[in-house]
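Residue numbers (this note's numbering), protein chains in the order written: chain A, 352 to 749; chain B, 352 to 749.
Please note: incorrect hints may appear among the correct ones.
Because identical chains share one entry, a pair is satisfied inside a single copy or across any pair of copies.
[What the hints assert, rightly or not] Calculated lysine-lysine pairs in the PhoX-like style (CA-CA distance at most 25 Å, straight line):
#, residue 1, residue 2
1, 705, 566
2, 530, 620
3, 530, 616
4, 530, 625
5, 712, 699
6, 712, 402
7, 568, 628
8, 620, 717
9, 683, 628
10, 628, 601
11, 733, 414
12, 402, 625
13, 399, 620
Quick caveat, the hints were computed from the structure, so don't treat them as lab data.
Predicted model only: the values in this text are computed from it and were never measured.
Number of protein chains: 2
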Amino acid sequence: MKRMMLFSALMLIAALSFAQQALWGGAQVMSPEIHDDNTVTFRLRAPKAVKVQVTGDFLPTQKIKTPYGEFDAPGVADLTENREGVWEYTTPAPLAPELYSYTLLVDGLKINDPANVYMIRDVASVTNVFIIGGGRADLYKVNNVPHGTVSKLWYNSPTLGLNRRLTVYTPAGYETSGKRYPVFYLLHGMGGDENAWSELGRAAQIMDNLIAQGKAKPMILVMTNGNAAQEAAPGESSLGYVAPTMNLPKTMEGSFETHFPEVVKFIDKTYRTKANKQNRAIAGLSMGGFHALHISKQYPDMFNYVGLFSAAIMPDKEVISPIYQEMESKLKTQFAKQPTLYWIAIGKTDFLYKANEEYRKLLDEKGYKYEYFETGEGHIWKNWRIYLSEFAPKLFNR
Amino acid sequence: MKRMMLFSALMLIAALSFAQQALWGGAQVMSPEIHDDNTVTFRLRAPKAVKVQVTGDFLPTQKIKTPYGEFDAPGVADLTENREGVWEYTTPAPLAPELYSYTLLVDGLKINDPANVYMIRDVASVTNVFIIGGGRADLYKVNNVPHGTVSKLWYNSPTLGLNRRLTVYTPAGYETSGKRYPVFYLLHGMGGDENAWSELGRAAQIMDNLIAQGKAKPMILVMTNGNAAQEAAPGESSLGYVAPTMNLPKTMEGSFETHFPEVVKFIDKTYRTKANKQNRAIAGLSMGGFHALHISKQYPDMFNYVGLFSAAIMPDKEVISPIYQEMESKLKTQFAKQPTLYWIAIGKTDFLYKANEEYRKLLDEKGYKYEYFETGEGHIWKNWRIYLSEFAPKLFNR
Chain A
352 MKRMMLFSAL MLIAALSFAQ QALWGGAQVM SPEIHDDNTV TFRLRAPKAV
402 KVQVTGDFLP TQKIKTPYGE FDAPGVADLT ENREGVWEYT TPAPLAPELY
452 SYTLLVDGLK INDPANVYMI RDVASVTNVF IIGGGRADLY KVNNVPHGTV
502 SKLWYNSPTL GLNRRLTVYT PAGYETSGKR YPVFYLLHGM GGDENAWSEL
552 GRAAQIMDNL IAQGKAKPMI LVMTNGNAAQ EAAPGESSLG YVAPTMNLPK
602 TMEGSFETHF PEVVKFIDKT YRTKANKQNR AIAGLSMGGF HALHISKQYP
652 DMFNYVGLFS AAIMPDKEVI SPIYQEMESK LKTQFAKQPT LYWIAIGKTD
702 FLYKANEEYR KLLDEKGYKY EYFETGEGHI WKNWRIYLSE FAPKLFNR
Chain B
352 MKRMMLFSAL MLIAALSFAQ QALWGGAQVM SPEIHDDNTV TFRLRAPKAV
402 KVQVTGDFLP TQKIKTPYGE FDAPGVADLT ENREGVWEYT TPAPLAPELY
452 SYTLLVDGLK INDPANVYMI RDVASVTNVF IIGGGRADLY KVNNVPHGTV
502 SKLWYNSPTL GLNRRLTVYT PAGYETSGKR YPVFYLLHGM GGDENAWSEL
552 GRAAQIMDNL IAQGKAKPMI LVMTNGNAAQ EAAPGESSLG YVAPTMNLPK
602 TMEGSFETHF PEVVKFIDKT YRTKANKQNR AIAGLSMGGF HALHISKQYP
652 DMFNYVGLFS AAIMPDKEVI SPIYQEMESK LKTQFAKQPT LYWIAIGKTD
702 FLYKANEEYR KLLDEKGYKY EYFETGEGHI WKNWRIYLSE FAPKLFNR
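One chain only, chain A, in its complex shape (with noise of 0.2 Å):
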């Protein structure tokens, strides 16, 4: 039989590939590179260019002066240009282990890093990543052992009036066990989505290497979108490609924690769960733990697991829902049921820290017994990962 020479036609796709990389300006360096010290070395090839900077929480922070106040933000390094146009920064000294974020600065113009395809967007931002592995940082790894399902599906919402997304993480071995699982709501900040745990968050990560190491219990996690107004991550709606923003209406308001029940259900209908409090847990970032501070007090014989990561606290008084009145005795009603476990974490330097203060003196005060897990830093994924890691082992095994 005649053959083409295959390797011809091989040579043409390079070629053709060659050709476009070259007229796009694609990168031939690498970038970032992460020596064996753990010192990581950041190029950009930009002959043109006066001045390149790199910034991200890699750096020590700097203090920027707002109208509302201090805030520590992504320190920035200058990198210095060789004689072949290739800009180059090292740092000082090795870094600890961590999902790093980071963008370059060109002439003040902010860019991704073309040599770096790993990016994840945080609301409207859209930052380079790497991870420097090592202690805590290898469970946002993926490592070689049995890996979970991540599943993007879809329910109705009858009390929202809307088809919605969520992520759902299914442990290695579900799809063919034929057993039931506990199943832990996971739930996001202000301007997430439903993609912001399984991205940033490393969730699937963190819980394939806590299941394999033996110290969680194999689970379903289920990560909702908590803006009630949205169907979906933006990009992934019917909306269409539009910008993604912080400003988002019915965030707060109480339709998201209200019609959280319906989302229960239809994983109760779809997976197979034990159905019952002793199995279930929620917790939440941010918004995402002020909604399971809220869904978990509103819904007493829901969850028997309850975690608060970096919370927004309490609700204005201007916003009128019943999800938020009647605080007091709901949560005293929560309390009295006993639950295992009502975890608080939160950083020292949150701009939320006070508010959390003065829930737990609350909580103090009633003698509602909760734990209590304090970090370094602010209100970062960084911090996030942690208390995910260290609240999924508490999980499911009292």
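Place chain B on chain A using the hints.
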């Protein structure tokens, strides 16, 4: 009960975010802006840039000379600067309905559009995307129709000695219908992976829309990783965040094709499938078309529907694998069993056009029945989305 002012907390978050955006040079411009008449404006705020261009598949192609011959490459257009340091380009004419990809060039440096968070990776290139709706392109949009579930799950391949990741689309209603479904295996091209068809290929949207319109039968779509040495897409395997490359081992040397029955077995064990030839289809683009050709003839009792989309046709004679041997007699066996559909599609300017022409000549000489579908243009995703939306309606209905 004491309440903190939530709104002030929200303002703090917003302010922090604002400070970061300002610091990070976040774009405040709108880009791309799709006007009512389907002209499109691209914008970039870059006061210090000397030259800003846009390149993408919405522009007329240009000829690029390489040592391997002349190729069509995406065109380039210049943006012009206004007084505020904002560069702009508006297409001179409305764009036809399509999913388009583009990047910007700032003084020769290729960057992603900082104002557009929507990007898709294709091998080692990340481009921004936007959709002009209408016509066939409406199939590529998330519409307000029932949505299927997209899952990333892992199977074990004893033959390849790897746990491997795949993407599975189950049609709306799968979870609760109790029914069994036919299965369509859809394979990617060289440098692609298990994410390719669900991202640039818009496979989930195309299937959701075709099924909702009654044009395709509800079916399960299985999108494998055709690089037999890989566990998973770049960034999703235990290799971590390594740079993607076109030069992968074990792609067209028989390993993937040989192991394929393990995938079918896994899917039939894991999902409610109609587990017989009558209810199985296989198709692929480029290298995936090559895989579909060889898998379907190697296992002639497995697939009743075969699709070759811009397929690489025959292996180099240097490649020794039992899969590629006795091709003539295997094709004879396959066609003697009369597959319901053997479908070949290619674009007129595809560099594989001639190879496909020769292959069709061979089929004609032998009197093997196939259907042929020809489009304009070449070896591009635009064509593959068209082929999927033409092929899927032909499945499981004869």
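Checked hints:
For a Cα distance limit of 25 Å, the shortest separation of residue 705 from residue 566 qualifies neither inside one copy, at 32 Å, nor across copies, at 58 Å. Within a single copy, residue 530 and residue 620 get their C-alpha atoms as close as 15 Å, and across copies as close as 16 Å, so both meet the 25 Å cut-off. Taking the closest pair of Cα atoms, residue 530 and residue 616 come within 25 Å of each other both inside a single copy (19 Å) and across two copies (21 Å). Taking the shortest alpha-carbon separations for residue 530 and residue 625, both the intra-copy value of 9 Å and the inter-copy value of 24 Å come in at or below 25 Å.
When the C-alpha separation of residue 712 and residue 699 is checked against a cutoff of 25 Å, the pair qualifies only within one copy, where the shortest distance is 16 Å, while the shortest distance between copies is 73 Å. For a Cα distance limit of 25 Å, the shortest separation of residue 712 from residue 402 qualifies neither inside one copy, at 50 Å, nor across copies, at 59 Å. Taking the closest pair of Cα atoms, residue 568 and residue 628 come within 25 Å of each other only inside a single copy of the chain (16 Å); across copies the shortest separation is 39 Å, beyond that limit. Taking the shortest Cα distances, residue 620 and residue 717 never come within 25 Å of each other, neither inside one copy (37 Å) nor across copies (53 Å).
Taking CA atoms no more than 25 Å apart as the test, residue 683 paired with residue 628 passes inside one copy only; the shortest distance there is 17 Å, against 61 Å between copies. Taking identical chains as interchangeable, the C-alpha atoms of residue 628 and residue 601 are never at most 25 Å apart, the minima being 27 Å within one chain and 49 Å between chains. Taking the closest pair of Cα atoms, residue 733 and residue 414 come within 25 Å of each other only inside a single copy of the chain (19 Å); across copies the shortest separation is 48 Å, beyond that limit. When the C-alpha separation of residue 402 and residue 625 is checked against a cutoff of 25 Å, the pair qualifies neither within a copy, at 58 Å, nor between copies, at 61 Å.
In this assembly of identical chains, residue 399 and residue 620 lie within 25 Å of each other by CA distance neither inside one copy nor across copies; the values are 59 Å within and 57 Å between.
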